[in-house]
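Participant: Following the hints, complete the assembly by docking chain R onto the known chain Y.
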Amino acid sequence: MKTTLVWTIQFLLIPALSPLAVGVTRKLKALLQNRQGASPFQPYRDLAKLLRKDEVISRDASWVFRVTPYLLFTLTVAAGASIPLVSTALGNPATGDFLVVVYLLALGTFFLALAGIDTGGAFGGFGSSREMLVAALAEGGLILALLTLALLGRTTDLFALAGGIASLPVTDLAPVILAFVGFFVALLAETGRYPFDNPATHLELTMIHEAMILEYSGKRLALIEWSSANKYLLFTALGANLFFPWGLAGSLALGEIALALTVFLGKALVLCAAVALLESTIAKFRIFRLPDLLFTSFILSIIAIGLIG
Amino acid sequence: MDRSAAWDRYLPPKAAISEYGRIAAYELQPGEVVEECRRLYRDLPLKIITAFDERQETGAFRIMYLFGVPRENRFLAPFIRVQEAFPSLTPVIHEASTYERKIKTFFGLIPEGHPDPRSIILHENWPAGLFPLRKDFPGDSRPAEAAGEFPFRRIGGEGVYEIPVGPVHAGIIEPGHFRFSVAGEEILFLEPRLGYSHRGCEKLFETLAPADRLRLAERISGDSSYSHSLAFCLALEELGGTRPGEQAGFLRVLFSELERIANHLGDIGAIMTDAGFNFGGAQGARLRETVMRMNDALTGSRFLRGVNRIGGGISRQIPAETARLIDGELRGLLAEFTAVMAVADNSHSLLNRLEHTGTLAAQTARDHGVIGVAGKAVGFSADARVDYPYAAYGTLVPEVVTETGGDVLARFTVRVREVRNSLDLARRALGGLSAADDPVAPEAGALAPNAYALGIVEGWRGDIVYLAATDARGKISRVDVRDPSFLNWTALSYAAVGNVVPDFPLINKSFNLSYAGNDL
Numbered sequence: 243m244k245t246t247l248v249w250t251i252q253f254l255l256i257p258a259l260s261p262l263a264v265g266v267t268r269k270l271k272a273l274l275q276n277r278q279g280a281s282p283f284q285p286y287r288d289l290a291k292l293l294r295k296d297e298v299i300s301r302d303a304s305w306v307f308r309v310t311p312y313l314l315f316t317l318t319v320a321a322g323a324s325i326p327l328v329s330t331a332l333g334n335p336a337t338g339d340f341l342v343v344v345y346l347l348a349l350g351t352f353f354l355a356l357a358g359i360d361t362g363g364a365f366g367g368f369g370s371s372r373e374m375l376v377a378a379l380a381e382g383g384l385i386l387a388l389l390t391l392a393l394l395g396r397t398t399d400l401f402a403l404a405g406g407i408a409s410l411p412v413t414d415l416a417p418v419i420l421a422f423v424g425f426f427v428a429l430l431a432e433t434g435r436y437p438f439d440n441p442a443t444h445l446e447l448t449m450i451h452e453a454m455i456l457e458y459s460g461k462r463l464a465l466i467e468w469s470s471a472n473k474y475l476l477f478t479a480l481g482a483n484l485f486f487p488w489g490l491a492g493s494l495a496l497g498e499i500a501l502a503l504t505v506f507l508g509k510a511l512v513l514c515a516a517v518a519l520l521e522s523t524i525a526k527f528r529i530f531r532l533p534d535l536l537f538t539s540f541i542l543s544i545i546a547i548g549l550i551g
Numbered sequence: 018m019d020r021s022a023a024w025d026r027y028l029p030p031k032a033a034i035s036e037y038g039r040i041a042a043y044e045l046q047p048g049e050v051v052e053e054c055r056r057l058y059r060d061l062p063l064k065i066i067t068a069f070d071e072r073q074e075t076g077a078f079r080i081m082y083l084f085g086v087p088r089e090n091r092f093l094a095p096f097i098r099v100q101e102a103f104p105s106l107t108p109v110i111h112e113a114s115t116y117e118r119k120i121k122t123f124f125g126l127i128p129e130g131h132p133d134p135r136s137i138i139l140h141e142n143w144p145a146g147l148f149p150l151r152k153d154f155p156g157d158s159r160p161a162e163a164a165g166e167f168p169f170r171r172i173g174g175e176g177v178y179e180i181p182v183g184p185v186h187a188g189i190i191e192p193g194h195f196r197f198s199v200a201g202e203e204i205l206f207l208e209p210r211l212g213y214s215h216r217g218c219e220k221l222f223e224t225l226a227p228a229d230r231l232r233l234a235e236r237i238s239g240d241s242s243y244s245h246s247l248a249f250c251l252a253l254e255e256l257g258g259t260r261p262g263e264q265a266g267f268l269r270v271l272f273s274e275l276e277r278i279a280n281h282l283g284d285i286g287a288i289m290t291d292a293g294f295n296f297g298g299a300q301g302a303r304l305r306e307t308v309m310r311m312n313d314a315l316t317g318s319r320f321l322r323g324v325n326r327i328g329g330g331i332s333r334q335i336p337a338e339t340a341r342l343i344d345g346e347l348r349g350l351l352a353e354f355t356a357v358m359a360v361a362d363n364s365h366s367l368l369n370r371l372e373h374t375g376t377l378a379a380q381t382a383r384d385h386g387v388i389g390v391a392g393k394a395v396g397f398s399a400d401a402r403v404d405y406p407y408a409a410y411g412t413l414v415p416e417v418v419t420e421t422g423g424d425v426l427a428r429f430t431v432r433v434r435e436v437r438n439s440l441d442l443a444r445r446a447l448g449g450l451s452a453a454d455d456p457v458a459p460e461a462g463a464l465a466p467n468a469y470a471l472g473i474v475e476g477w478r479g480d481i482v483y484l485a486a487t488d489a490r491g492k493i494s495r496v497d498v499r500d501p502s503f504l505n506w507t508a509l510s511y512a513a514v515g516n517v518v519p520d521f522p523l524i525n526k527s528f529n530l531s532y533a534g535n536d537l
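Chains Y and R supply the protein sequences, listed in that same order. With my numbering applied, the first sequence closes on residue 551, and no number is skipped along the way. With my numbering applied, the second sequence closes on residue 537, and no number is skipped along the way.
Please note that the accuracy of each hint is not assured.
Facing chain R, from chain Y, some residues (calculated, C-beta under 8 Å) [claimed, not checked]:
hint : residue
1    : F368
2    : N440
3    : K526
Computed far set for chain Y versus chain R, every beta-carbon distance over 12 Å [said to hold, decoys possible]:
hint : residue
4    : F253
5    : F283
6    : A303
7    : I450
No lab work stands behind these hints: they were computed from the structure. Ideal Cβ placement from N, Cα and C applies to all residues, glycine included.
One chain only, chain Y, in its complex shape (with noise of 0.2 Å):
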């Protein structure tokens, strides 16, 4: 019983929490710019207006483009199953290895990169071609930073691993540091956040994740957003639970989890605000300084890796 309910919490936790993540950082965007800003539960209002609504698909739409809000979704969805996000008590054998969730969307990434050229508009085409330079630099900091905790945690099963990185002793936490450093150049770069893209840009030229998906609308263009909204918080509750793991409940005891829960939300915040802050005080880069500072990740992963004695 205890296991259904921590699993239920496991499962849903991601979707129904993702769109308020989005909101949290628009309202603490807004308040850093001494604007009032939305609600932060006016994300949630967006999906509810969307999904109520008709959609447009180009002739030239094959079933890349239907099929790819789903399964994008789908695999967000299973992705925040198989992370550890209130109690390193569950296990998930069939896809709780870090790179089986690195590979999950990725392979969400590479249907998306696939969708926005699908329909042969010109926005969508730059959109995936740029999306791919991004994400294929991305995904070196991204793996090696986990992998830095992997060999910490002489593990690569994620639930495992935030139990291990969690009894480690205050002395080696110089190479944690260091990954969560890489890692969080990573998570903005695979959000589509500063100073990789615009989240809020209406400049067709000027977009990457937007310009993939500018041919969406309805039902379709919702369940996107969603699956985006999912994979901010999912990063998030990666950078939150994985690298900072403490507070994560090691039973399935419901006083824990509930205790959990509350710490995990506050660790959420803390990195929303952190992007937030970001977004609010430095301007967007060059899209050729990019790859710099995603080899940077890189680097400092590799030090990271370098550091474990």
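Facilitator: Just chain R now, with coordinates in the frame of chain Y:
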């Protein structure tokens, strides 16, 4: 009016001059015009080239070339009379290109020797052989829809592809089509295609009732409503021989500067937004709004519409108390603006985006006759407020701001410095207002017949030129409107070439040209 020393210096010795206020017009044979314009262009800025359909009166079209004598506020206007074709100046004076293309499109006169005589503004759906600014074209008719294809310039080569953008955009902006030729992310060539907001304004000036013409001028380019209407008023006041009073002069300076401040603040914010510096973007929008509210409090119109009167009268007096209040607000605005710019100046990531982006070479700018903010950013010190003083700019002389970089940063900095200067000018104008004691504006007089007059105003983008002409009965027979965008659009592509596609919106924003003002 005295014969100006400026005229004597530049006029050809044997020319038969017709004087129209500040303009000295003299006829040339079509064969002489290229050489004469080339001679004048060596020292003087070309302000406008335009045509007049005078076939009913003289049996010919008149093409007039207007050169300004800066600081002396005089103009030289050689003109030719032609039937079907005229010699193109473009091979020797490149900036004549778009003027001549416009004459070809709207009057059906062929610029002989023009290297690129494609039509502008009117599109393929406009029937061939129909020229809307000819007098025999009825302005209220709706021509049949034609079809055709516009020959864009093509760039070939391996891996080169075209990106068509617009005229419908993802944001709420004016319509314009941009055809990029791109290799990877680098822009090899860019051709803007405009004309989507063509409304037939120049024809409307000929047909509308006199009272409606001023309202039309206010709507040529919405963000420059005041400057456009002022330029039109200046032209008509010159035709009517009216001299606006001292108070009108100060008011006109005040409103002109408020318009400049509001738009510059909006642009400064928008440039920061487009560079992805969100804090600055939000602050720019906020500061602009405070000025729009001042406009509203002063005149009842956020865009200063319905404020100008031909003759210099105003729709509403400004009570001394309101003037004091606005003065305080302007002072507060300067403090807030300084605080915001201190944050922006400290952002390396912002400066990195602005610097060396969209650089316009000074020579390219000179060849295309670039004016206004974009011109000042390459070091041109042309400014109609100083070169051809109007309103109270004779006493409230502005400092002309120039930069040398020619990049987005230079255009950004020109705006920042102009905001500071304009705040000062606006406050001085407010001060002058209370001392001026001629509240009664003269009535606009009857217009001189068979005359030409010019209104030239430094709008926030650059100088706005109105050239108005009257017929034998003293009725307006033609108004040519030259928004600064008409010239600066031609140089935008050159600033974009060599940059990456994602930087184009930023470059475009740093020019922030008017589509409606160009399309008319």
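Participant: Hint by hint, note whether the structure agrees.
Facilitator: Outcome of the hint check:
Here the hint on F368(Y) is kept, as its CB sits about 7 Å from the closest CB of chain R, short of 8 Å. Taking 8 Å as the C-beta cut-off, the interface hint given for N440(Y) holds, the closest approach to chain R being about 5 Å. Hint on K526(Y) holds. Least Cβ distance to chain R is approximately 3 Å, under the 8 Å limit. The claim that F253(Y) is not at the interface with chain R holds, since no C-beta of that chain comes within 12 Å of its own (minimum 35 Å).
Separation of F283(Y) from chain R is adequate, the least Cβ-Cβ distance of about 22 Å exceeding the 12 Å criterion. With 12 Å as the threshold on Cβ separation, the claim that A303(Y) sits away from chain R holds: the shortest Cβ distance comes to roughly 19 Å. Separation of I450(Y) from chain R is inadequate, the least Cβ-Cβ distance of about 9 Å not exceeding the 12 Å criterion.
Hint compliance for this structure: hint 7 alone is broken.
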